[in-house]
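Asker: With the sequences and hints as input, model every part of the structure.
As numbered in numbering that gives the first Met the number 0, residues 0 to 156 make up the sequence shown, in order.
Among the hints, a few may not be true.
With beta-carbon atoms standing in for the labels, derived distance ranges [as the list claims (entries may be wrong)]:
no., residue 1, residue 2, range
1, Ile122, Ala23, 17 to 25 Å
2, Glu118, Ile9, 18 to 26 Å
3, Gly151, Leu125, 29 to 37 Å
4, Pro113, Trp28, 19 to 27 Å
5, Ile11, Leu109, 20 to 28 Å
6, Gly119, Arg141, 30 to 38 Å
7, Phe49, Gly151, 27 to 35 Å
8, Gln17, Leu39, 23 to 31 Å
9, Arg50, Leu71, 28 to 36 Å
10, Phe150, Glu118, 34 to 42 Å
11, Pro113, Ile78, 18 to 26 Å
12, Gly145, Leu109, 34 to 42 Å
13, His27, Lys136, 31 to 39 Å
14, His27, Thr146, 39 to 47 Å
Below, simulated DSS-like cross-link-like pairs (lysine-lysine); rule was C-alpha separation at most 30 Å, straight line [said to hold, decoys possible]:
no., residue 1, residue 2
15, Lys2, Lys136
16, Lys134, Lys2
17, Lys12, Lys2
18, Lys134, Lys115
19, Lys85, Lys2
Since the hints were made in silico from the structure, they are not lab data.
Where is the CB? At the ideal position from N, CA and C, for every residue including glycine.
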Amino acid sequence: MLKGFFGPWIAIKLCEAQVAAGGADYSHWVPLVAGLLVILGHSFTCFAGFRGGKGVLAALGVFLALCPITALASFGVWIILTVATKYVSVGSIGACIALAAFSTMGYFQLPFPPEKFNEGLWITCLLVAIFVIVKHKSNIKRLINGTENGFGSKRKK
Numbered sequence: 000m001l002k003g004f005f006g007p008w009i010a011i012k013l014c015e016a017q018v019a020a021g022g023a024d025y026s027h028w029v030p031l032v033a034g035l036l037v038i039l040g041h042s043f044t045c046f047a048g049f050r051g052g053k054g055v056l057a058a059l060g061v062f063l064a065l066c067p068i069t070a071l072a073s074f075g076v077w078i079i080l081t082v083a084t085k086y087v088s089v090g091s092i093g094a095c096i097a098l099a100a101f102s103t104m105g106y107f108q109l110p111f112p113p114e115k116f117n118e119g120l121w122i123t124c125l126l127v128a129i130f131v132i133v134k135h136k137s138n139i140k141r142l143i144n145g146t147e148n149g150f151g152s153k154r155k156k
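Answerer: Given below as structure tokens:
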């Protein structure tokens, strides 16, 4: 999660320093690109033959840096769904759907979340949510077949 947070956070700080020094303002897109690269780097790491995780924890870190209230609300959805169903994959998919919904609400300036989303951040949230859900394709198949392993359960074959 820390690598997810620090990628866009460092990009934000560098953009702020550049603007303070009288340079061009790239703060609308550089942190977004940094966040996307962190998630892709986590999911397709060159150190494991371009196979990695599903990007959920990296995405949480990224969005804690970019839109913390939305990220925390989505994490709350993850906790509720994971505890209720005993499936981390259900919590992860639900949190991604919540991220997409909350960011859409922010983009259209609804009362929640109080963060205002520009078009780039909104599209980034939607793309990451879709990406993470697609990465869970095998989990979705196992959930449908009843063979997904929940936490606290014995491994199913």
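Asker: Confirm or reject each hint.
Answerer: Results of checking the hints against the structure:
1. Ile122 x Ala23: 17 to 25 Å: Hint holds: Cβ distance 22 Å, inside 17 to 25 Å.
2. Glu118 x Ile9: 18 to 26 Å: holds (23 Å)
3. Gly151 x Leu125: 29 to 37 Å: Check passed, 33 Å falls within 29 to 37 Å.
4. Pro113 x Trp28: 19 to 27 Å: Because 23 Å falls inside the window, the suggested range holds.
5. Ile11 x Leu109: 20 to 28 Å: About 25 Å separates the Cβ atoms of isoleucine 11 and leucine 109, which means 20 to 28 Å holds.
6. Gly119 x Arg141: 30 to 38 Å: holds (35 Å)
7. Phe49 x Gly151: 27 to 35 Å: Between phenylalanine 49 and glycine 151, where Cβ atoms are some 32 Å apart, the hint holds.
8. Gln17 x Leu39: 23 to 31 Å: holds (24 Å)
9. Arg50 x Leu71: 28 to 36 Å: Between arginine 50 and leucine 71, where Cβ atoms are some 30 Å apart, the hint holds.
10. Phe150 x Glu118: 34 to 42 Å: holds (38 Å)
11. Pro113 x Ile78: 18 to 26 Å: Given a distance of about 21 Å, which is inside 18 to 26 Å, the answer is holds.
12. Gly145 x Leu109: 34 to 42 Å: holds (38 Å)
13. His27 x Lys136: 31 to 39 Å: At roughly 32 Å between Cβ atoms, lysine 136 and histidine 27 fall inside 31 to 39 Å, so the hint holds.
14. His27 x Thr146: 39 to 47 Å: holds (44 Å)
15. Lys2 x Lys136: holds (25 Å)
16. Lys134 x Lys2: Holds, because 19 Å separates the two Cα atoms, which is no more than 30 Å.
17. Lys12 x Lys2: It holds: about 15 Å lies between the C-alpha atoms, which stays within 30 Å.
18. Lys134 x Lys115: Roughly 28 Å between the alpha carbons, so the hint for lysine 134 and lysine 115 holds.
19. Lys85 x Lys2: holds (27 Å)
When held up to the earlier numbered hints, the structure conflicts with none and fits them all.
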